[in-house]
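Engineer: Here are the chains, one letter per residue:
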Amino acid sequence: MTQTHPALLSPEYLSTRTRAPLRTPFRLQLGPTELTGPLLGEARVRAEDADLTRAADGEAVGQRILVTGRVLEEDGRPVRASLIEVWQANAAGRYRHTLDRWPAPIDPHFTGAGRTLTDDEGRYAFLTIRPGSYPWRNHDNAWRPAHLHFSLFGRAFVQRLVTQMYFPDDPLLALDPIYQAVPEPARRRLVSRYDHDVTEPEWALGYRFDIVLRGATATPFEDPGDDA
Amino acid sequence: MTPSQTAGPFLSLGLRWPDGPHAVLPGTRGAVWLRGRVLDAAGEPVTDALVETWQADGSGRFADREETGGFRGFGRSETVDGEYAVLTVKPAPLIDPLGRTHAPHVALSVFARGLLDRVVTRLYFADEVAANSDDPLLTSLPDDAARRTLLAEPSADGYRLDLVLQGSDETVFFAL
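These protein sequences, in sequence, are chains A and B.
All the letters of the first sequence, read from the start, carry residue numbers 61 to 288 under our numbering.
All the letters of the second sequence, read from the start, carry residue numbers 1053 to 1228 under our numbering.
These are computed hints drawn from the structure, not numbers from a lab.
Nothing here was measured: the structure is a model prediction, and the numbers come from that model.
Cβ coordinates follow ideal geometry from the N, Cα and C atoms, glycine included.
There could be a bad hint or two in this list.
As the list claims (entries may be wrong) - For the chain B half of the interface with chain A, some residues (derived, Cβ under 7 Å), not all of them:
id : residue
1  : Asp-1092
2  : Phe-1114
3  : Leu-1217
4  : Val-1224
From just these sequences and the hints, can you work out the full model?
Structural biologist: As C-alpha cells, this is what we get:
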C-alpha cells in the first residue's frame, strides 16, 4: 500500500519533534460516529466569501488568480454541497494574523480567508491573489513556498482533510520540509497546475487544483499504482 | 488521495467561527462543557491548536442530514487560552452495524502547527462505568493506562480531558 500522508514525525520540520505522537496509532474499527459528518451548508457561506480580493472598500494588491477544481472521493464520485475553507498570506507573504511578525506590509483590502460550497459536480472556485513566500525560523534561510491552506469536510468524519495547495515550478518546493514530508509519488498531488482555459482574458490567471478524499466507508481504498 | 499538510500557526484565519464551540445552542437542556488542554512532549500547553468534535445527540441521532432543535453535533475550539472548550450534550450509546453497543463517545480531531496530519481520538465519559466496561473499543485497548487517556472526568460545568500529543501519558490516537 502506498503511503499518501506525511509521517507525523518528520524531524526536518522541527515542530513535529515535540508535537507528533510517537506511539503506533491504534487501528480503529470505524463506528457510526466516524462514518457520518456534519451538515455545514448554505447558512455558513455567502456568495462573496469566495472572493478574497475585496475588503474595506478596496481591491487587494497582487497578481489576481482564479483557483478552481473538483472535490472527489477515491472512486471518482463528486463530493457535493460540501464546505471548503481557505486561508493564505497576502501578495507580500504576510498573514493577517496578530502573531505573524514578519515585517512585510499588511494589505487592508485582502481578506486572507474564504469559504464556499462545492456544487453538484463537486466543483469549487475562489478568486484570490497569488500569495507571496515568507521566511520562517525552521532552519537557516528557510522560506515557505507560496501556498493556500485548504480545509475540507467531505460527508463523513473519516474524510476530513486539511492540506495546502502549491504552485507549479516553485523552486522552494525542493527545499521545504513540510512539502517534502509527503512521500514522493503523492507529493505532486499538492501542486496546482496552470490552466489557460481557466484564465480569464484581461482579468486573472487560472489554476486548477483537484482534491481527492478517501471514501466515506469503513475500508480505505488505496491502489498502489494510483499516482494520479 | 490528496495528502494532508499542517494547518500551520494561523489556522484561526480560516477556521474560526463565532459559534464554533457550540455543538448545541447555549441554553440547551443538559448542556455540558467539554474542556481540556492540548499538551506537547514537554507538558506545555499548545496554544495554537484547533480541536474539533463530532457526535450523536442524546437520542443517538446525528445532525448529518439536518440540524434539529439547535443540535449541530459538530464543535470546533481553538486553544489560545490554553484549553479547548466545546458546549454539547452527552450522546446516547450507539449500536454499530455488527450489533455491538458503543458507550457514549465524542470523536475528536486535533490540528496544529507541527501536526502534518490531524490526529484523531474519541472522548469517553468516566462516569459511564457500566457502558464503558462493555465498549468494543475500550475493551480492545491493551491496558487501563491506555483507556484512561480517553476518559473525560466530571468537572464543575461538564467534563475534562487533556489531550497529550507526545510523552509517557500520550493519548491513544487512532488510525482510521
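Engineer: A separate judgement is required for each hint: does it hold in the structure or not?
Structural biologist: Quick rundown of the hints versus the structure:
1. Asp-1092: holds (5 Å)
2. Phe-1114: Result: holds, 4 Å to nearest chain A Cβ.
3. Leu-1217: holds (5 Å)
4. Val-1224: At 5 Å from the nearest chain A Cβ, Val-1224(B) passes the 7 Å test, so the hint holds.
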